[in-house]
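Peer 1: Residue numbers (this note's numbering), protein chains in the order written: chain L, 66 to 115; chain E, 23 to 553.
Hints in this document: simulated from the structure, not taken from any laboratory.
Note that beta-carbon positions come from the ideal geometry of N, C-alpha and C, so glycine has one too.
Certain hints may be false.
As the list claims (entries may be wrong) - Short derived list, chain E residues pointing at chain L, Cβ under 10 Å:
{"no.": "1", "residue": "135"}
{"no.": "2", "residue": "144"}
{"no.": "3", "residue": "200"}
{"no.": "4", "residue": "204"}
{"no.": "5", "residue": "210"}
{"no.": "6", "residue": "233"}
{"no.": "7", "residue": "238"}
{"no.": "8", "residue": "241"}
{"no.": "9", "residue": "244"}
{"no.": "10", "residue": "245"}
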Amino acid sequence: MRIPEYQTPELRRKNVRLAWILGGLALFFLVTSFPFWTGIFRIVGNQAMQ
Amino acid sequence: MSTTTLTHDEAHHHEAPKGWRRWLFSTNHKDIGTLYLLFALIMLFVGGASAMLIRMELFQPGIQLLDPDLYNNLVTNHALIMIFGAVMPAAAGLANWMIPMMIGAPDMALPRMNNLSFWILPAAATMLLLSFVVPFFPGGGTQINTGWTIYPPLSVQVGMSMDFLIFAIHLLGISSVLASINIIVTLLNMRAPGMKMLKMPMFCWTWLVTAFLLILVVPVLAGGVTMLLFDRHFGTSFFDAAGGGDPVLFQHLFWFFGHPEVYILLLPSIGVLSHVIPAFSRKPLFGYNSMVGAMIAVATIGMVVWAHHQYTIGMSLGAVTYFMIGTILISIPVGLMIFNFIATMWRGAMTFETPMLFAVGIVLMFTFGGLSGVMLAVVPADMQYHDSMFVVAHFHYVLMPGAVFGLFAGVFYWLPKWTGHMYDEKLGKLFFWTNVIGFNITFFPQHFLGLAGMPRRIVDYNVMFTEFNVISSVGAMIFGLSHLLLLYIVIKTIRGGKKAESRAWEGAKGLEWELDSPPAFHTWTVAPQIK
Numbered sequence: 066m067r068i069p070e071y072q073t074p075e076l077r078r079k080n081v082r083l084a085w086i087l088g089g090l091a092l093f094f095l096v097t098s099f100p101f102w103t104g105i106f107r108i109v110g111n112q113a114m115q
Numbered sequence: 023m024s025t026t027t028l029t030h031d032e033a034h035h036h037e038a039p040k041g042w043r044r045w046l047f048s049t050n051h052k053d054i055g056t057l058y059l060l061f062a063l064i065m066l067f068v069g070g071a072s073a074m075l076i077r078m079e080l081f082q083p084g085i086q087l088l089d090p091d092l093y094n095n096l097v098t099n100h101a102l103i104m105i106f107g108a109v110m111p112a113a114a115g116l117a118n119w120m121i122p123m124m125i126g127a128p129d130m131a132l133p134r135m136n137n138l139s140f141w142i143l144p145a146a147a148t149m150l151l152l153s154f155v156v157p158f159f160p161g162g163g164t165q166i167n168t169g170w171t172i173y174p175p176l177s178v179q180v181g182m183s184m185d186f187l188i189f190a191i192h193l194l195g196i197s198s199v200l201a202s203i204n205i206i207v208t209l210l211n212m213r214a215p216g217m218k219m220l221k222m223p224m225f226c227w228t229w230l231v232t233a234f235l236l237i238l239v240v241p242v243l244a245g246g247v248t249m250l251l252f253d254r255h256f257g258t259s260f261f262d263a264a265g266g267g268d269p270v271l272f273q274h275l276f277w278f279f280g281h282p283e284v285y286i287l288l289l290p291s292i293g294v295l296s297h298v299i300p301a302f303s304r305k306p307l308f309g310y311n312s313m314v315g316a317m318i319a320v321a322t323i324g325m326v327v328w329a330h331h332q333y334t335i336g337m338s339l340g341a342v343t344y345f346m347i348g349t350i351l352i353s354i355p356v357g358l359m360i361f362n363f364i365a366t367m368w369r370g371a372m373t374f375e376t377p378m379l380f381a382v383g384i385v386l387m388f389t390f391g392g393l394s395g396v397m398l399a400v401v402p403a404d405m406q407y408h409d410s411m412f413v414v415a416h417f418h419y420v421l422m423p424g425a426v427f428g429l430f431a432g433v434f435y436w437l438p439k440w441t442g443h444m445y446d447e448k449l450g451k452l453f454f455w456t457n458v459i460g461f462n463i464t465f466f467p468q469h470f471l472g473l474a475g476m477p478r479r480i481v482d483y484n485v486m487f488t489e490f491n492v493i494s495s496v497g498a499m500i501f502g503l504s505h506l507l508l509l510y511i512v513i514k515t516i517r518g519g520k521k522a523e524s525r526a527w528e529g530a531k532g533l534e535w536e537l538d539s540p541p542a543f544h545t546w547t548v549a550p551q552i553k
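Work out the full structure, taking the sequences as your base and the hints as a guide.
Peer 2: Okay, here's the thing in C-alpha cells:
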C-alpha cells in the first residue's frame, strides 16, 4: 500500500539513509570491538614469515 | 490534518490479503507483530518443556530420567530458547503491534525489512533445535554441555551440534539487528507531527534504548562466536592458551553482550509497566523525564560492567573494584524507576485487573531479584555464591518478573485492542495467581539451596539438598502447567467474548486507544496532529 502523506521520496530516502548509518554502526562494533581481524592479520603475517 | 485521495489500486490493497501469502509476504506491522507473538508463544512452550524436564530430573537425588550430557544440553537449550526464542521475539511482537499505533505512523519505516527480520527467526529456531537433535543421530557428535555461555575450551571440543548453535546465533543476531534498525528509524522519522521526543509514549522510549543496545552488543556476540567457529575448524587459537590465545577473552566478549542483554530483556517490560500502572491507577506516570534519564543511565552503565559475571577468573583488585562499584551504581536508576512506579500508584484510584496484578507483582518480585543482584555484585560475597543455585534463583527473579511478567501484563493490557474482545477476567486472575505462586514455589527455595552450597548445572546432588529440590520441582510443575491457561485465555479471546471498546480500559491514554478495537488493517493513513 502507498500512503501518499508518509511515503514521500524524501522520507523514504531519510529512512534508508538512517538505516544504513545504523547498519554501519553495527558493522563497526562487529569489526573493531574484538581482536578478530588483528588475529587474522597476525596469522597471515606469521605464515608469510615462514 | 491533510486529506488523501487513493487510486483504485491503492484502495484495493487496503484489505488484508487472504491465505498463507498474507503471512509469508506480509509487510503489515500488525500481522508481523502477530507472527512474532505466535512464534514466541510456541517457543515459550518448547523452552518450558525443557525446564520441566530439568526440574523432573532434579526432583530427587540420583539420576532419574536424563544422562548428564543430555541434562546439560537441556540447560543450554532452555536458556537460549527462552531468551532468543521467547522473550526477545515477544517484546519485538509488542513493538511491531504498538509502536506505529502509538506514534501515529501507518507502519514501520522499513516494512519489507520487517518481514525479513521475522522470517529469519524460524530458520534460526530450526538451527537451534537441530543443535539439540543432531547428537541423537549416528555421527552427530556430543551434546552441547556448555550451558548458554558456550565457554571455550569446552565449546571447542563439542561435536557438530555446536556449529548449528553458532549459525543459529548468527541468524538470531542478524534478525535482532535488522529489527532494531527498523524500530530506531521508525521512532526517529515516523512520529506524527507534533510528537516531540519527550512526548513519545514510554514504551517507545524503552524500545528506542533497547534497540540501540541491541545494535551495540549483538555484533560483539556474533564476533565472539565467529572466532569460536574459526578456532573449531580453521586452526586459529583465539581462545586456546596453547596457541597463544586466551579462553578468558571469550568470556569478556560473551558478557559484553550478555550483561546488556539483561536490560534488553527488561526494558520493553518496563515500558509496558509505564502504561499499565498509570492506566489502572488513573494517574499520569510520575516523573516521565526522570524515567527516560534513568533508562538511558541503566543502558549506559549496563554496558560497562559486564565482568561482574567473571569475578572468579582472577582479575586485578582495581578491575574487580571498578566492576563492583559500577554494578552497584545501576541500582540507583533502577530504584528510581521502581519509586516512580510506586509514586504513580500513590493515592491513585487503583483497580486490580490482570495487567495491574502483574504490574504490582513485578514491582515486588523484580525488586527482590534486584536486591539479590546487589548481593552478587559484592566481590567477596560473589566468590561464595558464584556458580551456585543462588545465582539461578537470582536471575529467574530478575527475568521472570522483570521481563516475562511485563510481557504478560502487556498481552493482557493490549489483547482487547488486538482482538476486539475482552478476555475472561476471572481466568486472567486465576492465571496470574497460579503463575505467581508456582513461580515463587519454584525459585524461592533455590536461594537456600545455593547458600547451602548446591552448585548449578549438575544432574545429581547431595541428599542434604533433597527437600528444597522437591518443593522447587513441585512448584515448577504448577508454574509450567499454568501457562496452558494462558494459551486457553488467548485462544478464547481471539474466538469471541465481550466486545472491547476503542478505549478498552477507563484510564488508558495514548493514540492507540483512539483507534477501533480491533484496529483496521491499515491505521493512521492520515497522520494525527499532536497538540
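Peer 1: Work down the list of hints and note, for each, if the structure agrees.
Peer 2: How the hints compare with the structure:
Checking residue 135 of chain E against chain L by beta carbon gives a least distance of about 7 Å; that is within 10 Å, so the hint holds. Checking residue 144 of chain E against chain L by beta carbon gives a least distance of about 22 Å; that is not within 10 Å, so the hint is violated. Of the supplied interface hints, the one on residue 200 of chain E holds, with its beta-carbon coming within about 8 Å of a beta-carbon of chain L, less than 10 Å. Because the smallest distance between the Cβ of residue 204 of chain E and any Cβ of chain L comes to about 7 Å, under 10 Å, the interface hint for this residue holds.
Here the hint on residue 210 of chain E is kept, as its CB sits about 7 Å from the closest CB of chain L, short of 10 Å. About 9 Å separates the beta-carbon of residue 233 of chain E from the nearest beta-carbon of chain L, less than 10 Å, and the hint is met. Interface restraint check: residue 238 of chain E against chain L, minimum CB-CB distance 6 Å, threshold 10 Å, status holds. Interface hint at residue 241 of chain E: satisfied, since its Cβ lies 4 Å from the closest Cβ of chain L, which is below the 10 Å cut-off.
With a cut of 10 Å, the hint placing residue 244 of chain E at the interface with chain L holds, because the nearest CB-to-CB distance is about 6 Å. Given hint, residue 245 of chain E at the interface with chain L, holds; its Cβ is 5 Å from that chain's nearest Cβ, closer than 10 Å.
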